[in-house]
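Peer 1: Now for the letters of each chain:
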Amino acid sequence: MILQGENILKQYHHNGGTINALDHVTFSVRKGDFVTVTGPSGSGKSTLLLSLFGLIRLSSGTITFDGKRIDNISDRHLTDVRKKSVGYILQSFALIPYLTTIQNVMIPLALEKIPGKEQVKRAGEILDYVGLSDRMEHLPRELSAGQQQRVAIARSIVHRPQIIMADEPTGNLDPTLSLEILDFLRKINQDNKITIMMVTHSPVAAEYGTMKLHLNEGKIVNSVND
Amino acid sequence: MTISKLVLIELWKRKSQLITGLLAITLGIAVIVAIQSVSIVSEQNVARNLDNLGANILVLPQAASIDDYYTSDIDAPTLPMDYVERILTSTIAGVDNMSPKLTRRVKVGNQSVVLTGILPKSEIASKPLWQSSGLLGAQLKTACAPSSSVNQSHGMEDEKLQRKAIDTLYSEDCLVGSQVAQRLKLSANSKINIVGKDFKVVKILSETGTVDDDRIFANLKDVQTLLKLEDQVSAIEIMGCCNAISEGLLGQLRNILPDTRITTIGQIVSTQIETNQLMKKITLVMLIIIFFVGGISIGNYIWANVNERKREIGILRMMGAERSTIYKMFLLKALILGIAGGILGFLLGTIAGVVLGPYLAGIIVKPVYIYLLWSILLSVAISLAGSLIPTYLAAKFDPHSNLQED
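Going down the list, the protein sequences come from chains A and B. Just so you know, we're using our numbering here: the first sequence kicks off at 90 and counts up by one. Just so you know, we're using our numbering here: the second sequence kicks off at 6 and counts up by one.
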């Protein structure tokens, strides 16, 4: 197992009451799985995705990644785990607007202090892989939505992470582009054996999963392994 | 790609914000540089003008009073001439010129006059009014000019210069004050007998309005021999740098001349010290204002930048940027702003000083290049101080909540 969650509880306190965004969630993900997380709005999908590597702190529960507990380690160590082992893809692409395509893709490598020439080489290869080698010097605003999401995908895999956390990666795309991106994520999953955990509203996207989790009111109500 | 490059790219892509951020710090530094550039020249001018008033320290025998010095009584106590050597060979800084004198009231015919033995060149250097009459060469040095090389201790070079100067007022030559010349009906090239020795009047000194108008000046050695006071002087007049006086020159002189009475000519010294202190106070007040205004301005700019880039901070934190990376991003930006503000402020302030100095203060202002270093250091300090709180808050941001800002 590459990722395990046990009794994950995330509570918010609001107007004197307590809301369980995640209510004792337990799951296990195998290395190389393509996990899709579905559920209605407010079911806790994104909270689950963002809490697994410390972007949201849990109220209780344990998380094990690559055989090590990460729910009780310091912010600094969690940051290090994210830097080296996790790639993120968000619905809004999350590109830095004043950086070119290749500069955006090089950021994870810069954070790992990889030498400049190596950064350029690896970012170039990844952009070639996602079909954007002719858009390297373009700013995000000069790219289409699909191209921007492919830049975000390239950025999420350039540092060779063990797992990609994708939060509604097709939420801003039309159906054709959505399928293109989903196919691409499957290709990454199969070519590179990178585990993917993807939150989605779309039943079509959910079908790409080799493991499907369905959440409702903070609880896993259905878990299917293909 | 590095974090430093990221900062440079962001600065370049948002030039208009950069200019706004730079404006306050640049103007602040420019004001300080302009004031300092004008005031340093102004201080030098004041110092030069005050030097023209003559010596400002008197070394007298312990038992002598100021009255003795001016009345030149026959019994007035004396100092050994060696004391001049002691000062010359000491390492005391701030003694710009010395004039040892032997002064006695003597009879010339039936008239009572004051005979003063002097070392001519040094005497002339401490009496600029005489210099303007064209006598005996140029002034030795100008005292008290701030930041100039004149505030050095005297060494053997000056000693030789003064000894050489003795030859310029020949034995049996004398200079006569205007009042004495009138009373004794003397003119240039007249002969005069003083205590049995004949002297030739080489020049009638122009009126100065001081006790010197009532004196006859002859070579110190001649006067010492004539009065049978070999190697003795009545007083040593010193032109001391006013800054050095305020920093303890008198105490240092007392240490090497323990059995003497050392006094300052208070008004001259206090005028210059007050002038210098006023300039320093104005600069200090400006400095404090600039520090707060500049710091708040930069802090405000960085805070606006932090808020504008909340989402970017969230993205970077999500990708594994540590808090220290966020600190580096914003403090590096503040550092660049500080350096740029310092350089631009120096250039602007120097140009303002050079252009406006002649109009506003009637003085010629030249660039003071050391201010470039101070401008950069000050500007960087202000910029970093102003950026600390916004940067701390940026590093503390919760990455998740910032990712949702869109």
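Think of the hints as simulated: they come from the structure by calculation, not from any bench. Mixed in with the good hints, there may be bad ones.
Stated by the list, open to error - Facing chain A, a subset of chain B residues (Cβ under 10 Å, in silico):
hint: 1; residue: Leu23
hint: 2; residue: Ala69
hint: 3; residue: Gly319
hint: 4; residue: Pro404
Unchecked claim - Covered by chain B, according to a simulated footprint, are these stretches of chain A (three or more residues, beta-carbon under 8 Å):
hint: 5; stretch: 139 to 145
hint: 6; stretch: 173 to 182
hint: 7; stretch: 185 to 193
hint: 8; stretch: 199 to 210
The C-beta atom is built at its ideal place from N, Cα and C for all residues, glycine as well.
Peer 1: Next step is simple, just say for each hint if it's right about the structure.
Peer 2: Here is how each hint holds up against the structure:
1. Leu23: violated (13 Å)
2. Ala69: violated (78 Å)
3. Gly319: holds (8 Å)
4. Pro404: Cβ of Pro404(B) sits 5 Å from chain A, so the hint holds.
5. 139 to 145: Since three or more residues must qualify, the claim that chain B covers the stretch 139 to 145 of chain A holds, with 3 doing so at under 8 Å.
6. 173 to 182: Coverage by chain B holds here, the residue count being 5 at a Cβ distance below 8 Å.
7. 185 to 193: holds (count 4)
8. 199 to 210: holds (count 5)
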